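**Q** In order, the protein sequences belong to chains A and B. First residue of the first sequence? That's 7 in the working numbering, and the numbers climb one at a time after it. First residue of the second sequence? That's 7 in the working numbering, and the numbers climb one at a time after it.
Hints listed in this document are in silico derivations from the structure and should not be mistaken for laboratory results. Please note that the accuracy of each hint is not assured.
Intra- or inter-copy, both count: the list cannot distinguish identical chains.
[Claimed, not checked] Derived DSS-like pairs: lysine-lysine, alpha-carbon spacing no greater than 30 Å straight-line:
(1) K143 / K11
(2) K243 / K137
(3) K94 / K118
(4) K241 / K296
(5) K115 / K94
(6) K13 / K94
(7) K94 / K73
(8) K243 / K211
(9) K94 / K243
(10) K310 / K233
(11) K11 / K211
(12) K48 / K211
(13) K11 / K25
(14) K211 / K118
For clarity, every value in this text was computed on a predicted model and none was experimentally measured.
Listed below, chain by chain, are the residues.
There are 2 protein chains.
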Amino acid sequence: MSVIKNKFLITGATGFVGKYVIEYLANRANAQLICTYRRIPKETNNRNIIWEQVDLNDLGTLITIIKTHQPNYIIHLAAESSVGYSWKFPVQSFRNNINIFLNLLEAVKIAKSSCRILSIGSSESYGIVNKENLPLKESCPLNPVSPYAVARVSQELLSKVYIEGYGLDIVLTRSFNHFGPYQDTRFVIPSFVSKVIDRKNSNSKIPIETGNLSIVRDFLDVRDVVKAYIGLLEKGKSGEVYNISSGEGFTLQNILSQICDILQYPVQSIINPDFIRPNDNPVIIGDNSKLREEIFWQPAYKMKDTLEDIIYSRSPKSKISVATQIH
Amino acid sequence: MSVIKNKFLITGATGFVGKYVIEYLANRANAQLICTYRRIPKETNNRNIIWEQVDLNDLGTLITIIKTHQPNYIIHLAAESSVGYSWKFPVQSFRNNINIFLNLLEAVKIAKSSCRILSIGSSESYGIVNKENLPLKESCPLNPVSPYAVARVSQELLSKVYIEGYGLDIVLTRSFNHFGPYQDTRFVIPSFVSKVIDRKNSNSKIPIETGNLSIVRDFLDVRDVVKAYIGLLEKGKSGEVYNISSGEGFTLQNILSQICDILQYPVQSIINPDFIRPNDNPVIIGDNSKLREEIFWQPAYKMKDTLEDIIYSRSPKSKISVATQIH
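Make the full structure from the sequences, and use the hints.
**A** Encoded structure:
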């Protein structure tokens, strides 16, 4: 007896979020995962996972992949997701966000696939916002202020064109910052954790260099993000945009302090002007009630839970050290 | 005694609008024109014009051009300006609109040029509009409904990022349809003219195939468009968006009738479904009062003037023929 499979095509599957999507789906009996990678695949013995090397800039290969595997769902994670990188390398950032997304839509159209696509956007699309609009609802006007954010707004606009003009089935997100164990240290929280652990291990009092610590961001645990993504593929409405957020804001200063508290190692910080972006949002907090109400999602992790998981995954030594000091 | 030159870098100078920009500027004593082309330059003996072969997808070459010539003004005409083409070839259309525009901004930034850039956008950015918003003011919300229009909205958003984030000097337009002698027959009015002339020359009664003739568009003579572009470079406000429009709307049916009237050769039309776009705007008319008030621009040509100029430029035989029939 053959089992009807749900086939998920996951682009950018080797990245931070990809790892958690694979973990979430790989052990479902009826899920088959087609995971794309650019350079090096992850090793896996799971027979529900097929790895395919794809340059997403190459439309022809994408069409072939979709025709060959006939996915029911596409989770498009491949992206250049650093705002800072987009200020330094706008051309590359833009291409690796919007052009590859457009290729994906074209490939689905040309392959005549009826699959559902998850278009992952960003809270950065809201841009500089008025305080009275906080927490941000999906109806808030978009005012992108970085090259990265412009690419994300363009992605939403292109999605709408492909939904209305070509009948594609796309659910859209505006994902707020996410974090969790194994995130690259280019991102702010892993960078803080790494630096405080280094200071602690070498018993150093040298201040850590940071950007603007007064900005407020809404961080959601990557495992809660992934739960929302799969929920939206299964229960979200086509053409609708959903905030993926914790609903809570923390200053980066507060997060740094929590990291120091968990590690029980206080460090000072100084601002390095090189880390200041040309134009940044002072406060971003997202209203997640649409997600909660429409797909009955709720987050499982609090800020402190995730910070602890990051610290312990990063440095088991620290865990012991902390534990020793606690007891 | 050396004369201070105003140097204009004109991208896409071999195109329809480029021809008229060159005509407008080339005989100014203090203007030097650096005209870029991709494949074949226009011949010219005017020593105020330098032709440079540039692939605008190549950022390095663009930087060199800007560093070498140090333009005071850039008129960025290079674009894939057909909405129909963008529905057929979205990937190529998008790249030749937004990616080359981003390269241009990057080149100006990297070359540390303080030049003023004219970012030419489109009325298509308004998308499907409510009747009560007609004629469209610049404050009307943008709702792009074609791949072409998304690229144009993205261009505005990127311009704002580069103005606020990097201090570039950019004046923006939303140009409504323009037309005039020597426009490519891929565009609707030259296509109508060409078909009616063909029917007349062969005394044929075969109906001409068209798209939706009930849509209303605001067509401005290309010579009035160019006058607005140069005026905006000289007197427009950085970061501001200006409609470039006639302020009047005509159905395509009405324009076809006027062409038949001028040629004194009535033809029937039938709709070819291949010419119908997946999603189109029923009515677009632009309010040009901001342009009139801020730079004291006014149009010199009426619809009928331009149609006559197109017809006579296209077929001197028709002119004689019409003249013979009139007298």
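**Q** Work down the list of hints and note, for each, if the structure agrees.
**A** Status of each hint after checking the structure:
1. K143 / K11: neither (36 Å within a copy, 52 Å between copies)
2. K243 / K137: both (29 Å within a copy, 29 Å between copies)
3. K94 / K118: between (38 Å within a copy, 15 Å between copies)
4. K241 / K296: within (12 Å within a copy, 47 Å between copies)
5. K115 / K94: between (33 Å within a copy, 11 Å between copies)
6. K13 / K94: Answer is between; shortest inter-copy Cα gap is 29 Å, intra-copy 37 Å.
7. K94 / K73: This pair counts as between: shortest inter-copy Cα distance 20 Å, intra-copy 37 Å.
8. K243 / K211: Answer is neither: 52 Å inside a copy and 51 Å across each miss the 30 Å cutoff.
9. K94 / K243: between (36 Å within a copy, 27 Å between copies)
10. K310 / K233: within (19 Å within a copy, 62 Å between copies)
11. K11 / K211: neither (55 Å within a copy, 59 Å between copies)
12. K48 / K211: Classified as neither: same-chain Cα gap 38 Å, cross-chain 67 Å, threshold 30 Å.
13. K11 / K25: Only inside one copy: K11 and K25 sit 21 Å apart there, 59 Å across copies, limit 30 Å.
14. K211 / K118: Intra 60 Å, inter 40 Å, cutoff 30 Å: neither.
Of the numbered hints listed earlier, those contradicted by the structure are 1, 8, 11, 12 and 14.
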